[in-house]
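Chain A is already provided as a structure; the job is to place chain B on it using the hints.
Residue numbers (this note's numbering), protein chains in the order written: chain A, 635 to 990; chain B, 635 to 990.
Derived by calculation from the structure, the hints in this document are not laboratory data.
A quick note: this is a predicted structure, and the numbers were derived from the prediction, not measured.
It is possible that some hints are incorrect.
Which copy is meant is left open, because identical chains are indistinguishable; a pair holds if it fits in one copy or across any two.
[As the list claims (entries may be wrong)] Here are the computed lysine to aspartate or glutamate pairs in the EDC-like style, where the Cα-Cα straight-line distance is at most 16 Å:
1. Lys942 to Asp761
2. Lys860 to Asp835
3. Lys805 to Glu673
4. Lys689 to Asp643
5. Lys724 to Glu744
6. Lys647 to Asp688
7. Lys923 to Glu759
8. Lys870 to Glu742
9. Lys915 to Glu760
10. Lys800 to Asp776
11. Lys984 to Asp821
12. Lys958 to Glu945
2 protein chains.
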Amino acid sequence: MLNHGGDLDIIQKKYNISREKIIDFSGNINPLGISNKIENTIKNNINVITTYPDKDYISLKNSISTYCNCNKNNIIVGNGSTEIISLFIKNLSPKNAIIVSPSYSEYERELKNNNCNIHFFDLKEEDDFLLNVDKLISCINDNIDLIVLCNPNNPTGTAINNNQIKLILNKCKFLMIDETYAEFSSDIENICATSLVNDYDNLFVIRGTSKFFGVPGIRLGYGICKNKNILDKINKYKDPWSVNSIANLIGISMFDDKEYIQNTKNLILNQKQFIFEELSKIKNLKFYKSSSNFILCKILNNKTTSSKLFEDLIKENILIRDAKSFPFLDDTFFRFCILSEKNNRLLIQKFKNILS
Amino acid sequence: MLNHGGDLDIIQKKYNISREKIIDFSGNINPLGISNKIENTIKNNINVITTYPDKDYISLKNSISTYCNCNKNNIIVGNGSTEIISLFIKNLSPKNAIIVSPSYSEYERELKNNNCNIHFFDLKEEDDFLLNVDKLISCINDNIDLIVLCNPNNPTGTAINNNQIKLILNKCKFLMIDETYAEFSSDIENICATSLVNDYDNLFVIRGTSKFFGVPGIRLGYGICKNKNILDKINKYKDPWSVNSIANLIGISMFDDKEYIQNTKNLILNQKQFIFEELSKIKNLKFYKSSSNFILCKILNNKTTSSKLFEDLIKENILIRDAKSFPFLDDTFFRFCILSEKNNRLLIQKFKNILS
Chain A
635 MLNHGGDLDI
645 IQKKYNISRE
655 KIIDFSGNIN
665 PLGISNKIEN
675 TIKNNINVIT
685 TYPDKDYISL
695 KNSISTYCNC
705 NKNNIIVGNG
715 STEIISLFIK
725 NLSPKNAIIV
735 SPSYSEYERE
745 LKNNNCNIHF
755 FDLKEEDDFL
765 LNVDKLISCI
775 NDNIDLIVLC
785 NPNNPTGTAI
795 NNNQIKLILN
805 KCKFLMIDET
815 YAEFSSDIEN
825 ICATSLVNDY
835 DNLFVIRGTS
845 KFFGVPGIRL
855 GYGICKNKNI
865 LDKINKYKDP
875 WSVNSIANLI
885 GISMFDDKEY
895 IQNTKNLILN
905 QKQFIFEELS
915 KIKNLKFYKS
925 SSNFILCKIL
935 NNKTTSSKLF
945 EDLIKENILI
955 RDAKSFPFLD
965 DTFFRFCILS
975 EKNNRLLIQK
985 FKNILS
Chain B
635 MLNHGGDLDI
645 IQKKYNISRE
655 KIIDFSGNIN
665 PLGISNKIEN
675 TIKNNINVIT
685 TYPDKDYISL
695 KNSISTYCNC
705 NKNNIIVGNG
715 STEIISLFIK
725 NLSPKNAIIV
735 SPSYSEYERE
745 LKNNNCNIHF
755 FDLKEEDDFL
765 LNVDKLISCI
775 NDNIDLIVLC
785 NPNNPTGTAI
795 NNNQIKLILN
805 KCKFLMIDET
815 YAEFSSDIEN
825 ICATSLVNDY
835 DNLFVIRGTS
845 KFFGVPGIRL
855 GYGICKNKNI
865 LDKINKYKDP
875 WSVNSIANLI
885 GISMFDDKEY
895 IQNTKNLILN
905 QKQFIFEELS
915 KIKNLKFYKS
925 SSNFILCKIL
935 NNKTTSSKLF
945 EDLIKENILI
955 RDAKSFPFLD
965 DTFFRFCILS
975 EKNNRLLIQK
985 FKNILS
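The shape of chain A in the complex, shown without the other chains (with noise of 0.2 Å):
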């Protein structure tokens, strides 16, 4: 069972194809690689995985603060968004949550490890998938301890903006808005909420780098929050040093790798609108206007469905999201994310043949 996108090694076993021949549409990640500037800084600098990382993670805030333009005081940096989600949770500990969904599985096993009742707040069909934030507010009562949002929202690319995240902030206990998506918004300013950490006591912002920066492999992500009662106990109960010396290398320099992220923003916008236009032309296949890097698709005709379009597609070694396993959506339902311009004229193709 695929749980994640990007279980490259479970799809390699289970179709006997190496990892570096699939064309990897479900992981959601940046299709630039890494750039010169990060290889060389690796290269040049191997040795410091031969020292502890710095326990406070000192010039590796700074550099986030910078790209963020928050307080370094209110960071807290981690082994991939995933310890922020749990170090969150578990210090949060709350005993009710509603989480707007279908969204990333992450959230819910937490929650459930942490003996949380769960409550999901289901993203309509009818609706596009678009949040009804006024709905979701007359949804939080005095015993709903936490929201849980990803904002732009996996799988369905939707995503509210600041001035209806204010309108949850000053109804609920607790907010976390996993922002992993946030910076392949064209309209990041609107939608992310790093902004309005100073003014809100009850908001926890989580940042990964595995999408934007397309470094899964080295586990970095980072939390902002302003509650201090929340910071000094992760803080309290976190491990030192869960960012290895090669992640807080790279995190020092990436941050402000101006050429890279702009080329990224390029290209996943270009590309966006030009799968779009092609989307919008085939017959059968609806499609949800996304805010991020990927974007989900629904089957209209009986030809096919999600489980069979992937199993066809993976024949030719092309690994796209059946998105069955979300709650509230079905075997209709597929999301593949942006990746080069030739990967991505390759797959509109094989969607006009096999759904046309």
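Frame of chain A, contents of chain B only:
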């Protein structure tokens, strides 16, 4: 406050010495650095950071299984031995534990974080800090859920053998042995408990790579245990991917680097013999026979204290470990590890100058 050897960032700031200039006798880290083999492996495979590590770490576990001659299904890998200690204690959730002490501070921190009552079983100075196993066993009653032992022990360097370990295993509910320093011992077959894992369901062995393989920056540790209950619990609750792709890559080749392993053993053995001989010549200094790569010493006259010795040496860029922060030790104790012959000679000469 230096809670860990090798807190070079704190030293750098406090004493205004650049990290690179510090001769670090406090970190207990293999002075050989990394081998050319490992350096080339990284340089030729930097792209591993663009994909997630295998969530099941199959190749890494195979490599550890061969190295430790143990069943790969009994292995858990984690972000340094720190994560393994933390995962084991969280999931065992002992109410009462005995720590054989003085020892590494993380055991106490983690047990406290899990609201465990801690009882310290103190290694006696009059016994040269050798563990009195009979006495330890007589302290074990039905309330004690866990015995924590570092073997060889940090900072005393003392170790017990497999027959003694069996006596404890036959009496206690669970024994956690941290073998971070076992590979430095010339008597590893007798000391290391991995061969007992198959016979004892109540044994959890922890290994790190930071010290012996000289790579604290990669954060790679592992646990070996046969108890399915505790393994299943840990696997259920642990974050996926906590060992990053570079650590995974290095781990896979490192355990098979026979030349590096042998060179390390030779260096430590030869230098330890030389250091013991030289220390014997210094009046007013007592040292404890160590089964590891570090040596605990006691100042016998009033000429100086461990803190003063530390301060005198750091002015010359030499960093030793003032051992008075360990439970049951006072300001006559300090610890240093074995580095290159040149650096060892330098340190011995300083000791002679200051202490004689």
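Can you name, in rising order, the numbers of the hints this structure does not satisfy?
The structure conflicts with hints 1, 3, 9, 10, 11, although it agrees with all the remaining ones.
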